[in-house]
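These are the residues of each chain, in order.
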Amino acid sequence: MKINGKIIEGPKPEVIVIPKGGEEFVFQALPVLSYEDFEKLCPTPLPPKILRPGGEESQDVNDKDFLASLDDWSKKKVAWMFLISLQATEGLEWETIDMSDPATWNNYNTELGKSFTDSEINLIFTLVTSACGLNQDKIDEATKRFLAGREQEQKA
Amino acid sequence: MAQIDLKQATVTIKDGDGNSLEIRIGEGNLTYTEAKNMEYKLNRGVLDEVREGDEIPMAVTFDFIWDYLKGPSSASGSGGTPTIEDALKQRGGAAAWISSDADTCRPYAVDLVILYIPDCATGDQEEITLPDFRYESLAHDLSAGTVAASGNCNATEVIDTRAAQS
Chain A
0 MKINGKIIEG
10 PKPEVIVIPK
20 GGEEFVFQAL
30 PVLSYEDFEK
40 LCPTPLPPKI
50 LRPGGEESQD
60 VNDKDFLASL
70 DDWSKKKVAW
80 MFLISLQATE
90 GLEWETIDMS
100 DPATWNNYNT
110 ELGKSFTDSE
120 INLIFTLVTS
130 ACGLNQDKID
140 EATKRFLAGR
150 EQEQKA
Chain B
0 MAQIDLKQAT
10 VTIKDGDGNS
20 LEIRIGEGNL
30 TYTEAKNMEY
40 KLNRGVLDEV
50 REGDEIPMAV
60 TFDFIWDYLK
70 GPSSASGSGG
80 TPTIEDALKQ
90 RGGAAAWISS
100 DADTCRPYAV
110 DLVILYIPDC
120 ATGDQEEITL
130 PDFRYESLAH
140 DLSAGTVAAS
150 GNCNATEVID
160 TRAAQS
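Protein sequences, first through last, are from chains A and B.
Under numbering that gives the first Met the number 0, the residue at position 135 of the first sequence is numbered 134, and the numbers go up by one with no gaps.
Under numbering that gives the first Met the number 0, the residue at position 94 of the second sequence is numbered 93, and the numbers go up by one with no gaps.
Calculated from the structure, these hints are not laboratory results.
Keep in mind that a hint or two might mislead.
As the list claims (entries may be wrong) - Okay, the calculated beta carbon distance ranges per label pair:
#	chain 1	residue 1	chain 2	residue 2	range
1	A	Lys63	B	Cys104	35 to 41 Å
2	A	Glu94	B	Thr103	36 to 42 Å
3	B	Ala95	A	Lys63	21 to 27 Å
4	A	Leu32	B	Arg23	41 to 47 Å
5	A	Trp93	B	Arg23	42 to 48 Å
6	A	Ile6	B	Arg23	55 to 61 Å
7	A	Gly132	B	Ala147	54 to 60 Å
8	B	Arg23	A	Thr116	48 to 54 Å
9	B	Ala101	A	Pro18	57 to 63 Å
10	B	Asp140	A	Phe124	54 to 60 Å
11	B	Asp123	A	Ala102	30 to 36 Å
Given the structure is predicted, the values throughout are model-derived calculations rather than measurements.
Beta carbons are placed, not taken as given, at the ideal position from N, Cα and C, and that holds for glycine.
Please work from the sequences and hints to get the whole structure.
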C-alpha cells in the first residue's frame, strides 16, 4: 500500500526504558496487526436468539449472561493484545501465562505487579496502546500538526 | 404434589453439556409429584417396623403459554433457535445436545430448571431442578406458543435452592 506514492513502512517498535535498582529494563512493543489467532481461541460472543410464537426470531443484546461474557471477552482481548505486542521485548518471559490458555492471560497484571509499581505498569500499558495505534492523544497531536502545516501552506 | 405458578418464573431446559433453552412463561402451571413407597410391617396385628419400598420416579406435568424462547446465539447443529420440542427430542436446533443422564445407553433426557423470582425485591429467589426428565406425552403449538407435557424424572426428589435476589 502507498499514500501519495510513499510506501508505508512496516511496524516499528515503541520503546520505553524503566530504570530500577541500578538496572535499566527495556520494554519494546509492536503493533498487533491481526487478531485472527485471538479469534480462533476466543471467538466474539454473540447474543442469544429469541424465538416468539409464530416463528419471529431476534437477538437479545441485553441478556445478562451475554453482557458478562462480552465483558470477559473484552478483557481477554486487551490482555492478548498486551502480551502479543510485548513479545517484541527481548528476553521477556512470563511465568504463569500460557498463550494457548486464555484463562492465564490476565495474569500479566499480577506478574508485573510483583516487580513494578502501578505507575510503571501504566507506562508499559501506554507503550503498548501507543504501539497498537490506540493512543488518541498522539493521533490528535499528529492531526493538529498536519492541519497547522496545511494552514501555513495556504497562507504562504 | 407441588404446584408452581409460572407467571413469575422462567423454565430452562438444560442438556448435559451446557446447552440450554430458556422459556419465558406467559401463564401456566407446572406440577411435580414426589412419592415414596413405605411398607408398614405388623407384629401380631400391631404396627411395628417401617421399611422403604421400591423407589418411584417423580412425575412431572406442565401446561403453559410461553412469551418467548431464548436459545444460544449459534444454535448447535442446524435449524436455528431450538423449540421446546427440539430440546425435548434432541432434534433441529438441539440436534447436537447431549443427554443430561450420565449413562449414555439410557434414552435422551434433559434437566428442567425453574427459576422463580417473586415480585417483591426482598423475597428470595428459588431454583428448582427436576433432573433427567423424559417426556411421555407432549403437545406443542409453535404458532400459539402453547405447550403441554407430562413425563417422569429419573429421580425421586427435586433439587431446591434458595438465594437472595441478584
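Consistency of the hints with the structure:
A hinted range of 35 to 41 Å for the beta carbons of Lys63/A and Cys104/B is consistent with their spacing of about 37 Å. In this structure, Glu94/A and Thr103/B meet the distance hint of 36 to 42 Å, their C-beta atoms being roughly 41 Å apart. Roughly 25 Å separates the CB atoms of Ala95/B and Lys63/A, a value that falls within the hinted 21 to 27 Å. Separated by about 44 Å at the C-beta atoms, Leu32/A and Arg23/B satisfy the suggested range of 41 to 47 Å.
In this structure the supplied range 42 to 48 Å holds for Trp93/A paired with Arg23/B, their Cβ-Cβ distance being about 45 Å. At roughly 57 Å, the beta carbons of Ile6/A and Arg23/B sit within the given window of 55 to 61 Å. For Gly132/A paired with Ala147/B, a C-beta distance near 58 Å keeps the hint of 54 to 60 Å intact. Between Arg23/B and Thr116/A the C-beta distance comes to about 50 Å, which sits within the given range of 48 to 54 Å.
Checked against the hint of 57 to 63 Å, the pair Ala101/B and Pro18/A passes, with Cβ atoms roughly 59 Å apart. Range check, Asp140/B to Phe124/A: Cβ separation about 56 Å, and the 54 to 60 Å hint holds. A beta carbon spacing of about 32 Å between Asp123/B and Ala102/A agrees with the range 30 to 36 Å that was offered as a hint.
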